[in-house]
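S.K.: Here are the chains, one letter per residue:
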Amino acid sequence: GAVVSQHPSRVICKSGTSVKIECRSLDFQATTMFWYRQFPKQSLMLMATSNEGSKATYEQGVEKDKFLINHASLTLSTLTVTSAHPEDSSFYICSATGASPTNYGYTFGSGTRLTVV
Amino acid sequence: DAKTTQPPSMDCAEGRAANLPCNHSTISGNEYVYWYRQIHSQGPQYIIHGLKNNETNEMASLIITEDRKSSTLILPHATLRDTAVYYCIVRVATLDDKIIFGKGTRLHILP
Chain R
1 GAVVSQHPSR
11 VICKSGTSVK
21 IECRSLDFQA
31 TTMFWYRQFP
41 KQSLMLMATS
51 NEGSKATYEQ
61 GVEKDKFLIN
71 HASLTLSTLT
81 VTSAHPEDSS
91 FYICSATGAS
101 PTNYGYTFGS
111 GTRLTVV
Chain X
1 DAKTTQPPSM
11 DCAEGRAANL
21 PCNHSTISGN
31 EYVYWYRQIH
41 SQGPQYIIHG
51 LKNNETNEMA
61 SLIITEDRKS
71 STLILPHATL
81 RDTAVYYCIV
91 RVATLDDKII
101 FGKGTRLHIL
111 P
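Each protein sequence line maps, in turn, to chains R and X. Read in order, the letters of the first sequence correspond to residues 1 to 117 in our numbering. Read in order, the letters of the second sequence correspond to residues 1 to 111 in our numbering.
FYI, nobody ran anything at the bench for these hints, they're computed from the structure. Quick caveat, the model's predicted, so the values are computed rather than measured. Here a beta-carbon is modelled for each residue, glycine too, at the ideal position from N, C-alpha and C. Just to be clear, a hint being listed does not mean it is correct.
Here are some chain R residues pointing at chain X (derived, C-beta under 8 Å) [what the hints assert, rightly or not]: (1) L46; (2) T49; (3) G53; (4) Y106; (5) F108; (6) G111.
Given only the sequences and the hints, what does the whole structure look like? Please build it.
M.R.: Now the structure itself:
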């Protein structure tokens with residue numbers, strides 16, 4: 001089946017530094033990838049949509065200069081949290097489409113737990 | 001905003017059928033009903049989807065009312081591993097249509 005690999009699974013960084021999270025489609029070409037964040041006991045909140053070779057589309061209220069998204073290939077999208085602060089600590093999840101027609105290819109990564117200290 | 005309404009939580013005894021309801025009274029003719037679940041600290045997992053007919057796969061059954069305004073996800077023999085948050089989502093089944101998550105139902109399977 002379609003697999004989306006997300007790395008790292010956990011990361012701790014110091015306040016003011018940047019962190020990069022990778023999302024890879026392992027056995028299919030992902031034409032579109034989505035990035036979500038999730039705070040404890042809350043639902044997933046869509047941050048942005050990225051299409052290969054074009055600029056990401058950010059949801060209202062999401063700072064595009066803080067959350068840099070790059071979708072340089074059909075199998076890789078990256079989310080970089082720049083100048084991270086403790087309030088950026090969250091669970092970040094990516095998903096990718098372009099795979100199985102059965103469920104129209106919505107496969108999710110396993111998530112990255114970011115802790116900013 | 002999410003287009004669905006689900007109870008915030010439900011309990012089900014292990015081995016019994018878990019029936020999770022979802023209201024989607026404003027669903028459009030070309031929108032499908034999708035169900036995902038999220039086990040603690042993991043990414044969401046696809047369960048099943050349907051348009052208007054009832055559907056069954058190895059994980060669950062999906063019952064959609066004739067007017068398509070509501071549906072029920074059935075886990076026939078719930079196990080402790082089914083403890084998760086279940087999300088009911090309506091969306092057009094295209095590759096680039098984004099998924100907007102509501103609050104879902106937190107299902108507790110009781111031993």
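S.K.: All hints, please: hold or fail.
M.R.: Consistency of the hints with the structure:
no.	hint	in the structure
1	L46	holds, 6 Å
2	T49	holds, 6 Å
3	G53	violated, 14 Å
4	Y106	holds, 6 Å
5	F108	holds, 4 Å
6	G111	holds, 5 Å
In this structure, only the earlier hint numbered 3 is contradicted, and the remaining ones agree with it.
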